[in-house]
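*Asks:* Input sequences plus hints: build the corresponding full structure.
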Amino acid sequence: AQSVTQLDSQVPVFEEAPVELRCNYSSSVSVYLFWYVQYPNQGLQLLLKYLSGSTLVESINGFEAEFNKSQTSFHLRKPSVHISDTAEYFCAVKVSGSARQLTFGSGTQLTVLP
Amino acid sequence: SQTIHQWPATLVQPVGSPLSLECTVEGTSNPNLYWYRQAAGRGLQLLFYSVGIGQISSEVPQNLSASRPQDRQFILSSKKLLLSDSGFYLCAWSGTAHEKLFFGSGTQLSVL
Numbered sequence: 056a057q058s059v060t061q062l063d064s065q066v067p068v069f070e071e072a073p074v075e076l077r078c079n080y081s082s083s084v085s086v087y088l089f090w091y092v093q094y095p096n097q098g099l100q101l102l103l104k105y106l107s108g109s110t111l112v113e114s115i116n117g118f119e120a121e122f123n124k125s126q127t128s129f130h131l132r133k134p135s136v137h138i139s140d141t142a143e144y145f146c147a148v149k150v151s152g153s154a155r156q157l158t159f160g161s162g163t164q165l166t167v168l169p
Numbered sequence: 013s014q015t016i017h018q019w020p021a022t023l024v025q026p027v028g029s030p031l032s033l034e035c036t037v038e039g040t041s042n043p044n045l046y047w048y049r050q051a052a053g054r055g056l057q058l059l060f061y062s063v064g065i066g067q068i069s070s071e072v073p074q075n076l077s078a079s080r081p082q083d084r085q086f087i088l089s090s091k092k093l094l095l096s097d098s099g100f101y102l103c104a105w106s107g108t109a110h111e112k113l114f115f116g117s118g119t120q121l122s123v124l
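As given, the protein sequences belong to chains A and B, one line each in that order.
The first sequence begins at 56 in this note's numbering and counts up one residue at a time.
The second sequence begins at 13 in this note's numbering and counts up one residue at a time.
By construction, these hints were calculated from the structure, which means they are not laboratory data.
A portion of the hints provided could be inaccurate.
Derived DSSO-like pairs: lysine-lysine, alpha-carbon spacing no greater than 27 Å straight-line [to be verified]:
| hint | chain 1 | residue 1 | chain 2 | residue 2 |
| --- | --- | --- | --- | --- |
| 1 | A | K124 | A | K104 |
| 2 | A | K104 | B | K112 |
| 3 | A | K124 | B | K112 |
Quick list of simulated restraints, FRET-style, between CB atoms [stated by the list, open to error]:
| hint | chain 1 | residue 1 | chain 2 | residue 2 | range |
| --- | --- | --- | --- | --- | --- |
| 4 | A | Q126 | B | E71 | 26 to 36 Å |
| 5 | A | A56 | B | A21 | 29 to 39 Å |
| 6 | A | S82 | B | P30 | 37 to 47 Å |
| 7 | B | S96 | A | N96 | 14 to 24 Å |
| 8 | A | Q126 | B | Q57 | 34 to 44 Å |
| 9 | A | S83 | B | A51 | 26 to 36 Å |
Just so you have them, the derived chain A footprint on chain B, three or more residues with Cβ under 8 Å [what the hints assert, rightly or not]:
| hint | region |
| --- | --- |
| 10 | 55 to 67 |
| 11 | 116 to 122 |
No residue lacks a Cβ here, since even glycine has one placed at the ideal position from N, Cα and C.
*Replies:* Pasting the structure below:
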């Protein structure tokens, strides 16, 4: 079975500072990796995903994540955060071709301070 | 385009009362459907998933049950709620490629 570990439950950063949200996974088979974001009082929405190919994936709002197979990591980064990035971020892993769907990490609350 | 509707948005129920949360998907056929729970300070836990009408897989033993009476309808139920059932419940769907989940807006359930 696969598992996901998000090492930081809370990450406060100042506006325009860089941020990294860490995610490590374990799985005995090939997986897909995802980052979902949950803004206050809303459901989750997909931020970015790695299925195959280039190990660096980017979102439309400036976030990027790099799949590192040797370190079994999929850390999320942004070089300069905005107040509007304040949200909870979930890393998730999925066995390819499985209907069982995602195993989520416990989440990281990113709070951007003015 | 596809949409997912989940209701109610908030619900306050006494211990021992029944529960019924409903989720419907529009704009697609034969979706895979999921119920997740997000407890305060914890991550998302998969409760049930369904790959077709009447087909329900339960992930964890619990006080809840799920049903899929129609292709695009997924219902989460309980006969008698417990305090520990409080949490944020999210319905989601995916296509047959299983690559991406689309989430509903969630239901905040408080059991008092």
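*Asks:* All hints are to be evaluated individually against the structure, with a verdict given for each.
*Replies:* Hints versus structure:
no. : hint                       : result
1   : A/K124 - A/K104            : 15 Å, holds
2   : A/K104 - B/K112            : 9 Å, holds
3   : A/K124 - B/K112            : 21 Å, holds
4   : A/Q126 - B/E71: 26 to 36 Å : 28 Å, holds
5   : A/A56 - B/A21: 29 to 39 Å  : 33 Å, holds
6   : A/S82 - B/P30: 37 to 47 Å  : 38 Å, holds
7   : B/S96 - A/N96: 14 to 24 Å  : 23 Å, holds
8   : A/Q126 - B/Q57: 34 to 44 Å : 26 Å, violated
9   : A/S83 - B/A51: 26 to 36 Å  : 28 Å, holds
10  : 55 to 67                   : holds (count 6)
11  : 116 to 122                 : holds (count 3)
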